[in-house]
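Peer 1: Produce the entire structure from the sequences given, and follow the hints as far as they go.
There are 2 protein chains.
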Amino acid sequence: MSVTAPQGFAAAGVAAGLKSTGKPDVAVVVNRGPLKAGAAVFTSNRAKANPILWSEVAVRDGVVEAVVLNSGGANCFTGSFGFQTTHQTAERAAELLGVSAGDVLVCSTGLIGTGDEVFRAKVLEGTTRAIAGLTPDGGEAASLAIMTTDSRPKRTVVHGDGWSIGGMAKGAGMLAPGLATMLVVLTTDAVLTAEEADAHLRAATRVSFDRLDSDGCMSTNDQVTLMVSGASGVTPDPVEFAAALREACTSLATQLQGDAEGASHDITIEVTGAASEEDAVDVGRSVARNNLFKAAVFGNDPNWGRVLAAIGTTHAAFDPYDVDVSMNGVRVCTKGGPDRPREEVDLTPRATHVGIDLKAGDACATIWTNDLTHDYVHENSAYSS
Amino acid sequence: MSVTAPQGFAAAGVAAGLKSTGKPDVAVVVNRGPLKAGAAVFTSNRAKANPILWSEVAVRDGVVEAVVLNSGGANCFTGSFGFQTTHQTAERAAELLGVSAGDVLVCSTGLIGTGDEVFRAKVLEGTTRAIAGLTPDGGEAASLAIMTTDSRPKRTVVHGDGWSIGGMAKGAGMLAPGLATMLVVLTTDAVLTAEEADAHLRAATRVSFDRLDSDGCMSTNDQVTLMVSGASGVTPDPVEFAAALREACTSLATQLQGDAEGASHDITIEVTGAASEEDAVDVGRSVARNNLFKAAVFGNDPNWGRVLAAIGTTHAAFDPYDVDVSMNGVRVCTKGGPDRPREEVDLTPRATHVGIDLKAGDACATIWTNDLTHDYVHENSAYSS
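Sequences listed follow chains A and B, in order.
Under the numbering used here, think of the first position of the first sequence as 43, with each following residue one higher.
Under the numbering used here, think of the first position of the second sequence as 43, with each following residue one higher.
Treat the hints as calculated values from the structure; they're not laboratory data.
Honestly, I wouldn't trust all of these hints.
One copy or two, it doesn't matter: identical chains are merged, so the pair holds either way.
[Said to hold, decoys possible] In silico BS3-like pairs for lysine-lysine, Cα to Cα no more than 30 Å straight-line:
1) 61 / 377
2) 377 / 164
3) 78 / 164
4) 65 / 377
5) 61 / 401
6) 164 / 61
7) 377 / 401
8) 164 / 65
9) 401 / 78
10) 377 / 78
11) 401 / 164
12) 65 / 401
Model, not experiment: these values are computed from the prediction.
Peer 2: Below, the structure written as structure tokens:
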């Protein structure tokens, strides 16, 4: 059910011919209310796609009536023509829904530089048909229509005390957000103001999508939107809602990790003993972006030297000769020297855990990444995306 | 001839059994004087190998009598035992050469965490034999003994007006220096003080080894040493010497690039129109570290969108909608939109040029990198290094 699991939402997904495969490529998610609150976080890449430039402004008043999403073209670096395409998409949806275009967000994903006349015509026609086909159980169809190189849709539902949260996501490459990652739509029928929705969304994405760093490449089109219908009539306990939204975001983030392009390992890097959470994130991210480490994991090689070499490039507080590193539970390095024999480490399971104890404080953070594989190179060299 | 091309140097390379292949793995380069000036730059990785910890102190007085180098083991994260091994290596060389141990630099390369009793015994024995075999034409043998995954030795000779510069280098992976890269020894018979040597070395490495970023991974063992014998008796013109040293360093740096692990393209990223040289370097480095861009080049795909997405993650001054990008001479992107058709770009040659005009000033910089290939993944997953 994904985004239509909570009350007060309708969705649809249609094939508009943007994908050469003929698969669904335009999705619409509509908030039926009674509340129309919304919030969104965006890529921090300074090269922003046209839908990002549009949506950043549209979300400012805290009112979100609908989100129109397309795969099959990023509409990024397509000039003023591309921006007009996004604008016209919002206007088309607004007209058909009887709302203001300024309350319709737009998301696009696909090849950068794609967004010509043909693209525009197909997106507009797809938007029209998707809105005509809106249903209260259209969440699954919508989640299929936003897929690009994803091998499977990503959906989540979390139930609270009288309210629920639904969500869908797409993303298989360029998974390194500044704020958010790839295209994500979250919905809830809990009663929240736009300000509350914004605060909850930022808190949840900060420790979920923002901790996912599959390949170190930040997208131009990332957007995570939360829409609030309030249709349950229930005002949630703030702590419970925060935990539920974090759970929904973490579920989607790890689904993205599990389907990352070409990956054969899902690597959880848990940094403990840091002087600050920022230090822990820096260290985790540095290891997550180290190609030599990532290739070693692909080869089932517990090469802790590459972990320490990656940590050494950060400005985090630590003594290089008092760091412990474990892999899948085996402490292979302690105090700047070898500990247990590397032969004891079994890296054959897809789920891989790397523990790093900086021994510099009490802060911690977890970063999720993937290994560097032949399939990653193949997928990103053989196909434009 | 490499390091023994200038007058006043002797070198040797021997097989000490550190490499399982039985190939040469210990090299010594000795300065016969009359001057014994020297300077060195080191990795800025905070995780420093024992030879770096030793050599950083040893070079401080500006006197360098000899450099002992080994492949087959990095002697990094090998604890105090490993540091003692480095210390004993310098002492062994000093005793045999009749000089002070504090004037002998040590360099090691190979697997991090390698440096046990067997390693120590072999390094010491190899040092003894190399010094016994020192000859004025031993530069080639020395350059062979420092190779690890290099497929060929890297050597250079630059002639000045009555003086010359020789050099050798090794390095095929982890090519992303903070200051220097991998193991490099440069020699000259020009007359220079240690202070002059240091200034020249820093100026030359800043625009050569420090602009080489093959895989974004910074080594724990990088060291570039310049030894000055003064044997020519000629005091060089400072501008001429600076240019010659830059030429020698650039020659070795591009030889390292051309032999980078698994690479199929040597990519020159030329950033122009930057507000500052720092901005130009930041932008070039960001593109050089973008796996999606690197994989696209491997696939001969002129994917300029990935170049812009990488630029967008920097803090450099530029307008994302007023940047030009060319590939192998074809301007594929101008002012944030497509320009010439990507079909016009031929990326099949190994030498690849990416031009980025930020239109924000007059500064420029060139970064050298490689593509991301199946062979890179294979070499770094199948073998520990």
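Peer 1: Could you tell me which of the hints above the structure violates, numbers in ascending order?
Peer 2: Hints 4, 5, 9, 10, 11, 12 are the ones this structure does not satisfy, whereas the remaining hints hold.
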